[in-house]
Amino acid sequence: MKIKLVLFFLVLLWVGGIFIRFFIPEINGLFYLLPFLEKTYSTVCHQQPAKLISINGHKTLVCARCTGIYLGALLSSAGLLFLKLQNKLNIKLLIFASVPLAGDVLLYSLGIYSYSKTVALVTGLLLGSAGFLYIHEGIMDLLEEKNKKDKN
Amino acid sequence: MKKHLPALVAGFGAGVLQVVPVVKSFSCLIIMPLAGIFALVLYQKSNKIISPISTQKAVVTGLMTGVFAALFGSFFEILITFITKSNDLVYVVNDLYEFIDKFPVEETVKTQVIQLTENVVNSIKTTGFSLLYSFSVVVNNLIINPIFGTIGALIGLKFINSKIQQNS
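In order, the protein sequences belong to chains S and R.
Under the numbering used here, the first residue of the first sequence carries the number 1, and numbering increases by one thereafter.
Under the numbering used here, the first residue of the second sequence carries the number 153, and numbering increases by one thereafter.
If we strip away everything but chain S, and leave its shape as in the complex, we get (with noise of 0.2 Å):
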């Protein structure tokens, strides 16, 4: 239970990150960390203005695409305090998981139609909250084979 809560509250953080613009004009000390964030998210996402998510002019740090990701990967972080996962994950549901966001890329990179952020974010909703599953058991299987090295 102490790592879930440990990775749920390292997600929330990250997420939190993405968001800091919408915190600045509460905790106006915020505001020194930005030129920082802003690089630190610039290394996983490439930021293009047009596809950031914009709410009351306030824009998050990363595309809606990986903002879903995140927030796939929070909500399953979240979900994983509460339940717990009964059988070792088939990477056929991270295959699946991944197929609409890669039809979302190659349809709007074709000229299909044009870019939708409320496609972006749910796609990516959808491979981060399936893709942090996975994450979740590695880190569970490593603690495993710890616990069984230390016994031996």
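Quick caveat, the hints were computed from the structure, so don't treat them as lab data.
Any given hint could turn out to be false.
Said to hold, decoys possible - Listed next, the in silico SDA-like pairs over lysine to any residue satisfying Cα-Cα at most 20 Å (straight line):
| hint | chain 1 | residue 1 | chain 2 | residue 2 |
| --- | --- | --- | --- | --- |
| 1 | R | 237 | R | 281 |
| 2 | R | 254 | S | 36 |
| 3 | R | 310 | S | 141 |
| 4 | S | 51 | R | 174 |
| 5 | S | 146 | R | 315 |
| 6 | S | 39 | S | 52 |
| 7 | R | 237 | R | 172 |
| 8 | S | 51 | S | 71 |
| 9 | S | 59 | S | 37 |
| 10 | R | 200 | R | 274 |
| 11 | S | 51 | S | 38 |
| 12 | S | 59 | R | 254 |
| 13 | R | 209 | R | 315 |
| 14 | R | 209 | S | 139 |
| 15 | S | 39 | R | 182 |
| 16 | R | 262 | S | 26 |
| 17 | S | 39 | R | 275 |
| 18 | S | 59 | S | 17 |
| 19 | S | 39 | S | 10 |
| 20 | S | 59 | R | 241 |
| 21 | S | 4 | S | 87 |
| 22 | R | 176 | S | 42 |
| 23 | R | 254 | S | 20 |
| 24 | S | 88 | S | 1 |
| 25 | S | 39 | R | 315 |
Note that the structure is a prediction, hence the values are computed from the model and not measured.
Got chain S sorted already, so can you dock chain R onto it with the hints?
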């Protein structure tokens, strides 16, 4: 060192891709996880492994890939900044000032942030090097790349082990 060779190769590749402008903008969340997966595949192929790989091995490989990518990526970014006396920050600084000016925060905070940014930009424009900028690049890369490299390796492990199990 030989045992970290797959991580070194994948990390070098990722480090180079991180500074290539066009590739960089398509890299949304992709380069580092793919590098982690690639390092694990290289490890499996080079050691001719036919039994499932341990999670610990995958985590170490992903982590090392991230560390190497961070070191190479930071080195190339700092070197390119030094040679060209310019970088992304210099390009966007005017937009940044405009953005800071519009942001609803206290004037003193705005002034301090603008002054800090100006110092960094001036150093880059005149000498091609800013200690603060270089430090932020290295720290950023050393935190982010190992995390995403490990995530890639963990997901890659699932693929590789399920393939190994299918074959055996």
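Verification of the hints:
1. As the CA atoms of residue 237 of chain R and residue 281 of chain R are separated by approximately 8 Å, the hinted pair is consistent with the 20 Å bound.
2. Distance restraint check for residue 254 of chain R and residue 36 of chain S: the Cα-Cα separation of roughly 19 Å lies within the 20 Å cut-off, and the hinted pair is therefore satisfied.
3. Annotation: proposed proximity of residue 310 of chain R to residue 141 of chain S holds, straight-line Cα distance about 11 Å (limit 20 Å).
4. For the given pair, residue 51 of chain S sits about 17 Å from residue 174 of chain R by alpha-carbon distance, which is consistent with the 20 Å threshold.
5. Taking the CA atoms of residue 146 of chain S and residue 315 of chain R, the gap is near 24 Å; set against the 20 Å cutoff, the hint is violated.
6. For the hint pairing residue 39 of chain S with residue 52 of chain S, the CA-to-CA distance comes to about 15 Å; that is within 20 Å, so the pair holds.
7. As the CA atoms of residue 237 of chain R and residue 172 of chain R are separated by approximately 17 Å, the hinted pair is consistent with the 20 Å bound.
8. Simply put, residue 51 of chain S and residue 71 of chain S have alpha-carbon atoms about 16 Å apart, close enough for the 20 Å limit, and the pair holds.
9. A threshold of 20 Å between alpha carbons decides the hint, and for residue 59 of chain S with residue 37 of chain S the separation of about 13 Å falls inside it, so the pair holds.
10. Straight-line distance between C-alpha atoms of residue 200 of chain R and residue 274 of chain R comes to about 52 Å, which puts the hinted pair past the 20 Å bound.
11. The hinted pair formed by residue 51 of chain S and residue 38 of chain S meets the criterion: a straight-line CA distance of about 15 Å does not exceed 20 Å.
12. Proximity of residue 59 of chain S to residue 254 of chain R is assessed by CA-CA distance (about 13 Å); at most 20 Å being required, the pair is judged to hold.
13. Note on residue 209 of chain R and residue 315 of chain R: the hinted pairing holds, with a Cα-Cα distance of about 17 Å set against a maximum of 20 Å.
14. Distance hint between residue 209 of chain R and residue 139 of chain S is fulfilled; the C-alpha atoms sit about 12 Å from each other, no more than 20 Å.
15. A hinted pair counts as satisfied when its Cα atoms are at most 20 Å apart, and residue 39 of chain S with residue 182 of chain R qualifies at roughly 17 Å.
16. About 15 Å separates the Cα atoms of residue 262 of chain R and residue 26 of chain S, which keeps this hinted pair within 20 Å; it holds.
17. For the proposed pair residue 39 of chain S and residue 275 of chain R, the alpha carbon gap of about 18 Å is at most 20 Å, so the pair holds.
18. A hinted pair counts as satisfied when its Cα atoms are at most 20 Å apart, and residue 59 of chain S with residue 17 of chain S qualifies at roughly 12 Å.
19. Distance check on the hinted pair: residue 39 of chain S and residue 10 of chain S sit about 19 Å apart at the alpha-carbon level, within 20 Å; holds.
20. Between residue 59 of chain S and residue 241 of chain R the CA atoms are separated by roughly 19 Å; this keeps the pair inside 20 Å, and the hint holds.
21. This hinted pair checks out: residue 4 of chain S and residue 87 of chain S have alpha carbons roughly 17 Å apart, not beyond 20 Å.
22. Taking the CA atoms of residue 176 of chain R and residue 42 of chain S, the gap is about 9 Å. The hint holds against a cut of 20 Å.
23. Between the alpha carbons of residue 254 of chain R and residue 20 of chain S the distance comes to roughly 16 Å, so the proposed pair stays at or under 20 Å and holds.
24. Proximity of residue 88 of chain S to residue 1 of chain S is assessed by CA-CA distance (about 18 Å); at most 20 Å being required, the pair is judged to hold.
25. The straight-line distance between the Cα atoms of residue 39 of chain S and residue 315 of chain R is roughly 38 Å, outside the 20 Å bound, and the hint therefore fails.
Of the hints listed earlier, those the structure fails to meet are numbers 5, 10, 25, in rising order.
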